[in-house]
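A.B. asks: Starting from the given sequences, assemble the full structure and let the hints guide the process.
2 protein chains.
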Amino acid sequence: MPTLVMKFGGTSVATLDRIRRAAKRVGVEVSKGYDVIVIVSAMSGETNKLVGYVNETSPLYDAREYDAIVSSGENVTAGLMALTLQEMDVPARSWQGWQVPVRTNDAHAAARIEEIPTDNINGKFGEGMKVAIVAGFQGIGPDGRITTLGRGGSDTTAVAFAAAFGAERCDIYTDVDGVYTTDPRITDKARKLDKISFEEMLELASLGAKVLQTRSVELAMRYKVKLRVLSSFEEQSDEAGTLVCEEEEVMENRPVSGIAFSRDESKMTLVSVADRPGIAAAIFGPLSDAGVNVDMIIQNIAEEGRTDMTFSCPIDQVKRAEQALNGAKEAGDINYHDLVADTEVAKISAVGIGMRSQSGVAAKMFKTLSDEGVNIKVIATSEIKISVLVDRKYMELAVQALHDAFELEKA
Amino acid sequence: MPTLVMKFGGTSVATLDRIRRAAKRVGVEVSKGYDVIVIVSAMSGETNKLVGYVNETSPLYDAREYDAIVSSGENVTAGLMALTLQEMDVPARSWQGWQVPVRTNDAHAAARIEEIPTDNINGKFGEGMKVAIVAGFQGIGPDGRITTLGRGGSDTTAVAFAAAFGAERCDIYTDVDGVYTTDPRITDKARKLDKISFEEMLELASLGAKVLQTRSVELAMRYKVKLRVLSSFEEQSDEAGTLVCEEEEVMENRPVSGIAFSRDESKMTLVSVADRPGIAAAIFGPLSDAGVNVDMIIQNIAEEGRTDMTFSCPIDQVKRAEQALNGAKEAGDINYHDLVADTEVAKISAVGIGMRSQSGVAAKMFKTLSDEGVNIKVIATSEIKISVLVDRKYMELAVQALHDAFELEKA
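Order-wise, the sequence lines are chains A and B. Mapping the first sequence onto our numbering, position 82 (from 1) lands on 223, and the numbers just tick up by one. Mapping the second sequence onto our numbering, position 384 (from 1) lands on 525, and the numbers just tick up by one.
Worth flagging that the hints you see were computed from the coordinates, not collected in a lab. Each hint should be verified, as a subset may be incorrect.
With a Cα cut of at most 30 Å, we get these calculated DSS-like pairs of lysine-lysine [unchecked claim]:
1. A:Lys508 / A:Lys534
2. A:Lys367 / A:Lys551
3. A:Lys190 / B:Lys190
4. A:Lys190 / B:Lys165
5. B:Lys460 / B:Lys333
6. B:Lys190 / A:Lys165
Only part of the chain B face toward chain A is listed, based on derived beta-carbon distances under 8 Å [to be verified]:
7. Ala155
8. Leu157
9. Asp318
Note that CB positions come from ideal geometry on N, CA and C, so glycine has one too.
C.D. replies: Okay, structure coming up:
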């Protein structure tokens, strides 16, 4: 029998009614002849409640106890999904992570899956079971204790199972009906994409289109798992949602596939840094140690042995960044005249694998923004992405203008 | 190091504040030099919520899925208790049932503990851990799936750990401060007992003094585990609560230790049953199959080959009992003229190991009730118990009169 992996997120299993609805979708795939592996999240709100308990109990918690606590929500949903399918006369049973077992490394609260043996579940498929429901987000570490994979980890569980079982496809059911050219709340011209490449999805996901956990996309790309994102709240056809797949399978050959944005960015500039070999490491080492997620980095040309160094980071990490840099200055590791933070910026990115073969994309982007009177503060580019920082107040305008300029509303 | 087992019920861990309070009690015992094993229930309300989910999803549920679902509440409390103790600088960690492992038989939802290996936890005690927190109520079956022990099962978990680890004592923290001579809501003369024998506790527990799960008392009796019941809501001394222990250790030598009662009883009479060998089995077999908990049984003297058979059962099982008996009659297995149910009765029991050596207890009980004008409908006796059925409206009066007659308010 071909195998299908179906993953249901927290909002898709938020109530017993929604679990029933999800189970019906599973039943449809079973009736098509699939052996189905269902990965479930906790009912929405449950994990947050448990994380709240942990934070209130112990601000600097033991991550092993955190994992034992927050993994419990998925176990409840897995059992309830099994009972719901059984009520529909579909042979089903639940597995907790340690029962499969989903073996991970020992990085509690942010563990990585290392191995998923298939014999246990395949044995049950062989005995006539049609659906294996597995609690997502969790595994078991080398010490025999429960681990969790970090926020959104159930997506990664789903892709890892699809890879381990050689599934035909991995369907991620969520509360949106696919991946859009941009956020429909910014422009009603936003269009759902039928297909998108892994590479584009990675850029979009890490840029704030929070449909799929980044790691799950990386994993899908590495193991060539066909990933489909679709809504659990709509009637579904086989062509519903967005298929995330290899570049060759994406037929559209447009330079830009989507416009991503990130509202809460800040731009920090170290003014007049004493330039010397190793200065970048001296600056960004302490920032990394302090847990600051540095994104774009620009170094101006040095004059008379001094240079300006600019970088961007999420706005809520500015304080931490300032502390780290002031600490490094006091320790004598770096030397600068001033540290200037601009917390009123947003990041806009145009993403598309077509950029590789088509020129002029950057020029068109800059001209579009210029025509709208939007000043670009920082530019960074990769092979399939051009990102700019602009004043936050222009963010919506910039996204709309770029969406129009690259004609993303047209299929 | 001597080992102590401490068990905290649902109301004792209902909030993070109460978990903190319980952890402080644990800390006190650690400071006395004990290695402590803490058994926790789910935060009160959690298990009921999960059971509600199961019943709503699937009225005839798969007990293996039920167990996987309802056991999750205890895991949360265990982790939170570990974090709370760590915050108090007490080395602690949590165990889920399958991690110990608490091995049970395969009777899902009503499993019995078969083995608790001690090496895992004792190894950690050897490394300096001071408190092992174990999720109560749960274990792992021969098939590697999670089992639960039935309602109140955490008491049994606690006693089983005390037996396995040779603990000096097993302290059950609950929302009452001990075992009383009767329910203080019936008479304010009710007095807390300092000590009570296992046998008396068994009779009291099964009669409705719902302080401890019956099976946990049986287990404690078999393995000679000193069991103490005490309140988690009061400051505690070493003499607090009620010690449940062997008969020899109970110093008081009074005929009656307590008056128990059960309000919602019913009395059923099969009128004019054709008497023959095996008739009792023909009647009570079908009742047992139907899940009716028959308590007292009285058979009148047979006349002309016919007899009356009377038994008592909980009021909510009357319908089921009638169906079972009518079925047996229709099948020709039994023959009776009439089936009369009196659903307006209550059971009153005087319990005391002193009865064994002191005569006149039954006579005194009957005379006391007679003096109050309370008619006795059924009598049943055991070595340390005398039970009567009376009209429900006299229940409080009867309990108060007996409590006075046996002078239970006096220490």
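A.B. asks: It remains to establish, for every hint, whether it holds in the given structure.
C.D. replies: To see whether the hints hold, each was checked on the structure:
no., hint, result
1, A:Lys508 / A:Lys534, "holds, 19 Å"
2, A:Lys367 / A:Lys551, "holds, 25 Å"
3, A:Lys190 / B:Lys190, "holds, 15 Å"
4, A:Lys190 / B:Lys165, "holds, 24 Å"
5, B:Lys460 / B:Lys333, "violated, 38 Å"
6, B:Lys190 / A:Lys165, "holds, 24 Å"
7, Ala155, "violated, 12 Å"
8, Leu157, "holds, 6 Å"
9, Asp318, "violated, 27 Å"
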